[in-house]
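Can you make the complete structure from the sequences, with help from the hints?
In terms of this note's numbering, the sequence shown is residues 885 to 1125.
Any given hint could be a false lead.
[Said to hold, decoys possible] Simulated DEER-style distance windows between Cβ atoms:
#1 Arg1106 - Leu1007: 18 to 28 angstroms
#2 Met908 - Thr1112: 20 to 30 angstroms
#3 Ile892 - Arg1097: 17 to 27 angstroms
#4 Leu1007 - Ser934: 13 to 23 angstroms
#5 Asp970 - Val1096: 48 to 58 angstroms
#6 Glu900 - Asn953: 16 to 26 angstroms
#7 Asp1054 - Asp952: 28 to 38 angstroms
#8 Asp974 - Glu1019: 10 to 20 angstroms
#9 Pro1079 - Asn953: 41 to 51 angstroms
#10 Arg1106 - Asp1035: 43 to 53 angstroms
#11 Arg1033 - Glu1109: 39 to 49 angstroms
[Claimed, not checked] Lysine to aspartate or glutamate pairs mimicking EDC-like chemistry, simulated, CA-CA at most 20 angstroms apart:
#12 Lys1000 - Glu1013
#13 Lys1000 - Glu1117
#14 Lys1110 - Asp952
It is worth saying that the hints were derived from the structure and are not from the lab. The model shown is predicted, which means the values in this text are computed figures rather than measured ones. Using N, Cα and C, we set each Cβ at its ideal position, and we do this for glycine too.
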Amino acid sequence: MLDHPQIILNTGSDDESRVNAVRMLSSRRVDGAVLIGSSFSSEVMASAISTYMPSTPIVMENGMLALDNVYSVIADDEGGLRAAVDYLHDRGRRRFCYVNANDTPSNRMKREGVEKAIASHGLECRFLECEDSFEGGYEATRRILDEGRADAILYSMDILAAGGVRALSDHGVSVPDEIAVFGVDNSIYSVISRPSISSVDTNLSRMSSQCVRTLEDAMAGRPAEKMTELPYELVIRESTP
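Set out below in structure tokens:
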């Protein structure tokens, strides 16, 4: 693993702060960098890297940029969500809802996976946006219950699904008998919820390790994969039949 001194920056949620972080790393003359999150996949960031770090090896965790010095380790977000929909469909679910928080390239791929799977089964899906929090998932689920049509709800993150499970419990809805629930990330939220939540494991912990290995290779001048896609796994728990 890397034995160099390390700098860790929290860039915030806007392009300006991300550009400032790249500029700061450049001023510190770092030997390489890992950019975590698909939100770095933007023309603004491509321009910043080309300007401030045009030859520094950079690895993007779940993001991509078409630059010679940038490498990518990504999750199969689309495939994972398609598989989750297929799993629920195979168990008789037909009235789907999908709850998302944050408009990022990763989450857009998740939605695309849902859309493709739903279309392949000749069904329809209600799509909702919410805040990135337990409370956001709770309120989105309450809105779904007000309409009263769902028998399966998928959430773009486990923390949203945890809020959803709580909302269903508070409204006397049996999970998974009446409504099945699927999250994404296989995080601690999916384990501690009651019932526990089935989740698409996109291998985030393995992704971080792969990013370090790729960066080590690139910094050492060894051959490094430009793009590595990690497989997903469906982790089935109590919230699905």
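Do the hints match the structure? See the list:
| no. | hint | in the structure |
| --- | --- | --- |
| 1 | Arg1106 - Leu1007: 18 to 28 angstroms | violated, 48 angstroms |
| 2 | Met908 - Thr1112: 20 to 30 angstroms | holds, 27 angstroms |
| 3 | Ile892 - Arg1097: 17 to 27 angstroms | holds, 19 angstroms |
| 4 | Leu1007 - Ser934: 13 to 23 angstroms | violated, 44 angstroms |
| 5 | Asp970 - Val1096: 48 to 58 angstroms | violated, 33 angstroms |
| 6 | Glu900 - Asn953: 16 to 26 angstroms | holds, 22 angstroms |
| 7 | Asp1054 - Asp952: 28 to 38 angstroms | violated, 53 angstroms |
| 8 | Asp974 - Glu1019: 10 to 20 angstroms | violated, 32 angstroms |
| 9 | Pro1079 - Asn953: 41 to 51 angstroms | holds, 46 angstroms |
| 10 | Arg1106 - Asp1035: 43 to 53 angstroms | holds, 51 angstroms |
| 11 | Arg1033 - Glu1109: 39 to 49 angstroms | holds, 44 angstroms |
| 12 | Lys1000 - Glu1013 | holds, 19 angstroms |
| 13 | Lys1000 - Glu1117 | holds, 18 angstroms |
| 14 | Lys1110 - Asp952 | holds, 9 angstroms |
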